[in-house]
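One letter stands for each residue in the lines below.
2 protein chains.
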Amino acid sequence: MTGRRPAGPMRAIHAMALVLSAALAAGAAQAADAKVHTFRLDNGLKVIVKQDHRAPVVVSQIWYKVGASYENDGHTGISHVLEHMMFKGTKRHPAGEFSRIIARNGGRENAFTGRDYTAYFQQLAKDRLPIALKLEADRMRHLTLPPKAFKKELQVVLEERRMRTDDQPRALTYEQFYATAFMANPYHHPIIGWKNDIEHLTDADVRRWYHDWYAPNNATLVVVGDVDPKWVYGLAKRYFGPLEPSKLTAPKPRSEPAQNGPRKITVSLPAELPYLLIGYKVPVLKSAEHDWEPYALEVLSGILDGGDSARFARDLVRGRQVAASAGTDYDLYALHNDLFVIDATPAQGHTLAQVRTAVDREIERLKSRPVSQKELDRIKAQVVASQVYQRDSMFYQAMQIGILETVGLGWQRLDEYVQRIRAITPAQVQAVARKYLVDKGMTVAELKPLPLQGKRPRGPRARPGGTVDGHMH
Amino acid sequence: MTGRRPAGPMRAIHAMALVLSAALAAGAAQAADAKVHTFRLDNGLKVIVKQDHRAPVVVSQIWYKVGASYENDGHTGISHVLEHMMFKGTKRHPAGEFSRIIARNGGRENAFTGRDYTAYFQQLAKDRLPIALKLEADRMRHLTLPPKAFKKELQVVLEERRMRTDDQPRALTYEQFYATAFMANPYHHPIIGWKNDIEHLTDADVRRWYHDWYAPNNATLVVVGDVDPKWVYGLAKRYFGPLEPSKLTAPKPRSEPAQNGPRKITVSLPAELPYLLIGYKVPVLKSAEHDWEPYALEVLSGILDGGDSARFARDLVRGRQVAASAGTDYDLYALHNDLFVIDATPAQGHTLAQVRTAVDREIERLKSRPVSQKELDRIKAQVVASQVYQRDSMFYQAMQIGILETVGLGWQRLDEYVQRIRAITPAQVQAVARKYLVDKGMTVAELKPLPLQGKRPRGPRARPGGTVDGHMH
Chain A
1 MTGRRPAGPM
11 RAIHAMALVL
21 SAALAAGAAQ
31 AADAKVHTFR
41 LDNGLKVIVK
51 QDHRAPVVVS
61 QIWYKVGASY
71 ENDGHTGISH
81 VLEHMMFKGT
91 KRHPAGEFSR
101 IIARNGGREN
111 AFTGRDYTAY
121 FQQLAKDRLP
131 IALKLEADRM
141 RHLTLPPKAF
151 KKELQVVLEE
161 RRMRTDDQPR
171 ALTYEQFYAT
181 AFMANPYHHP
191 IIGWKNDIEH
201 LTDADVRRWY
211 HDWYAPNNAT
221 LVVVGDVDPK
231 WVYGLAKRYF
241 GPLEPSKLTA
251 PKPRSEPAQN
261 GPRKITVSLP
271 AELPYLLIGY
281 KVPVLKSAEH
291 DWEPYALEVL
301 SGILDGGDSA
311 RFARDLVRGR
321 QVAASAGTDY
331 DLYALHNDLF
341 VIDATPAQGH
351 TLAQVRTAVD
361 REIERLKSRP
371 VSQKELDRIK
381 AQVVASQVYQ
391 RDSMFYQAMQ
401 IGILETVGLG
411 WQRLDEYVQR
421 IRAITPAQVQ
431 AVARKYLVDK
441 GMTVAELKPL
451 PLQGKRPRGP
461 RARPGGTVDG
471 HMH
Chain B
1 MTGRRPAGPM
11 RAIHAMALVL
21 SAALAAGAAQ
31 AADAKVHTFR
41 LDNGLKVIVK
51 QDHRAPVVVS
61 QIWYKVGASY
71 ENDGHTGISH
81 VLEHMMFKGT
91 KRHPAGEFSR
101 IIARNGGREN
111 AFTGRDYTAY
121 FQQLAKDRLP
131 IALKLEADRM
141 RHLTLPPKAF
151 KKELQVVLEE
161 RRMRTDDQPR
171 ALTYEQFYAT
181 AFMANPYHHP
191 IIGWKNDIEH
201 LTDADVRRWY
211 HDWYAPNNAT
221 LVVVGDVDPK
231 WVYGLAKRYF
241 GPLEPSKLTA
251 PKPRSEPAQN
261 GPRKITVSLP
271 AELPYLLIGY
281 KVPVLKSAEH
291 DWEPYALEVL
301 SGILDGGDSA
311 RFARDLVRGR
321 QVAASAGTDY
331 DLYALHNDLF
341 VIDATPAQGH
351 TLAQVRTAVD
361 REIERLKSRP
371 VSQKELDRIK
381 AQVVASQVYQ
391 RDSMFYQAMQ
401 IGILETVGLG
411 WQRLDEYVQR
421 IRAITPAQVQ
431 AVARKYLVDK
441 GMTVAELKPL
451 PLQGKRPRGP
461 RARPGGTVDG
471 HMH
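Chains A and B are the protein sequences, given in the same order.
First residue of the first sequence: 1, per our numbering; consecutive thereafter.
First residue of the second sequence: 1, per our numbering; consecutive thereafter.
Hints listed in this document are in silico derivations from the structure and should not be mistaken for laboratory results.
Mixed in with the good hints, there may be bad ones.
It does not matter which identical chain is used: a pair holds within one copy or between any two.
30 Å max Cα-Cα, derived DSBU-like pairs, lysine-lysine [claimed, not checked]:
no. : residue 1 : residue 2
1   : Lys134    : Lys148
2   : Lys195    : Lys435
3   : Lys88     : Lys134
4   : Lys134    : Lys35
5   : Lys151    : Lys286
6   : Lys435    : Lys374
7   : Lys286    : Lys46
Given these sequences and hints, build the entire structure.
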């Protein structure tokens, strides 16, 4: 593949889905309510089909339960390198053929590596689905991983890391921010891997990783489109059915030791703008003791950063003009405990300290006064609308099913989302703010620009999360 | 073994060596200059013998090139758990017999796990050496690792962790301090391992670890005492010779990404006293580009913390009475890049901020004014004396040979030490202060006591380094 775009897990996927939906979404929103059909092959492959008849197309995605959070130190980045190698050929289809066949059939395809999954997808006219499935089944077990191509591809990945992280002061700050917040939790490591680790990966390492994780009993096939579920099941059986399952070994749990006070790192690098990151340790759906809490955090995120009338945009950016931009990031579907992240860039003439104070004030406000029912209703409507709008895209529907299945929550959670968000009360929002947005579990990172000295970095991204959290092949 | 004492790598070993030397050292210091004899068996075992005829005793140590810095996340603490299991019996000698035989023969024995090594030792009347070697050879390859005993021992190790780390606010602070300073470097992980990792270790994990690392070609036998080197070689050949070597796989290098600014963590826990840790990233002999730098740092360490007339004791503790205690820690023989650590406890009525300011002033002084030749000479005399005095102990001599061989520096470095220290100039001390004691590579940890609320922790240790850096079996 030539085009490699960065993709943050939810945000960037969302962005991408919107782009795709422009091309794909012909009809209305009834697709969101279509029935989901699930099957399982004897070799363990799960097959999930969702019908969407608005256009004669199909999205096919294969999801592997492996990603950066499965990796160990010394081998970080290996899932992403393997994702690259998946385009380097099998015995039957040498390097590049996969992409050529899909293109020849008018399709698009790509792949991405996340913290908790690695996924490959194709979009095609519906009658071309067999082509995609045949190719995916072939490379699930028969990758050749030639040492020479591996060596070359490693340089491509290193260049990707240089471009996306090492030459991006914000991305570097973000990487060290996560590594400081988490000491034992696997989110400590960046998805793309530490540079030194990538440099020392061997084709034997990647071969072992492929062998350990790429198997039908560690994958989910998600197909959304104008297709008959039984037909899809028949195809899956035909192409994936003959594949042998692997003996899977669950990775060791790596839970984080308690944090007992704030952490702060300063990163001084040549950069144009200062940058602030604040992270709070929060539960996610997988781990939450009270499963309303992640939804309350989702609403809280909307209150601060749910569009132009949200508090950050209204008060910090437009109102007091202390921040040039400010946002939140929270992934309730993460496999492991995660951070609720706030990021902000000071407006010209303002300091990091001033932005920090302004953000702190917003957090205090969330804690001291319950959000009004009116504001809450508006936010909920927006959170829900954005979710429903996203479902307008076949790609995004498949994506959400894939994520939910891969982290073990089950696709059914998708249907609960709207109702769970609607049920959140002002008291619950206040409760999670008081419980989790506290110094005890906080990590702060400040990027303090050094003079650029002629060395102009590539344009800063709005959010480095997108740079380091997902990698499009 | 019943008695389990903590041991910091150099400091505590030093303390222990002094205790032992009181019992052992009969003669003068000429032992330090005795010739070292080295042999290698066909199976790869290195044998190093140093004669010391001052008493009819012998110290035998077997050093394995494996320790916490060889471990991967999810499996941290496994070297230390294995060290415990080494006392749980072989086919020939069931659990406890090893220790009973040594005791019956009037000997002492124990073991310790460090970051870069795991070592086992015995001290005996010289004619009993064959007994120790026979037993060590037996457990190098024939450990039984019974699952039941493993399960029980894991609880012992967890209790050790509770006692030494989880119930020790300083040790917890120290652990998180190192984890913050190093993100990819293996010193990120504590020697004893993260609690969650220890809990999930299985006997199969430990069996694999044993199989991978405990082999003659990954070990060094060090014998110091009133013995004939040829005799020792013969014994080693007889007992260790029949053992099969292993195919060793070098661990992946895990070098630390550049740090671009200061990091600071606050740990708020019920405790009696506040505590300050400041760490600077520094080179060690293994990695130093200029190999005088580690010696200059060693001298610098002496200037600040080389006894009662050193600057910390004279100015911070006795003079301005701002600190109740203040010290430095630096291990020039570490396998990986490490920290130069300063720790301090505020005197009653003084704050962490005041101590911090006082320490910063001392560092500024090192940078701005070269140390006088007079002060330097006094410090060097002390550093050298302490080194020579330590060599008075057979145990310590063996220990230093073992460490130097195990990290790959070679025992010959021992002989260079005095001369290298003596060669350090005031300008060199100033140069390393200016180059390394800087914000860019600094990590600070502050323990801020919360009220004890009836829960009295066990007496705080002077240095938590001793708690987490080494574990006596």
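Going down the list of hints, with the structure as the test:
no. : hint            : in the structure
1   : Lys134 / Lys148 : within (26 Å within a copy, 49 Å between copies)
2   : Lys195 / Lys435 : between (36 Å within a copy, 24 Å between copies)
3   : Lys88 / Lys134  : within (16 Å within a copy, 54 Å between copies)
4   : Lys134 / Lys35  : within (25 Å within a copy, 71 Å between copies)
5   : Lys151 / Lys286 : between (38 Å within a copy, 29 Å between copies)
6   : Lys435 / Lys374 : within (24 Å within a copy, 58 Å between copies)
7   : Lys286 / Lys46  : within (20 Å within a copy, 51 Å between copies)
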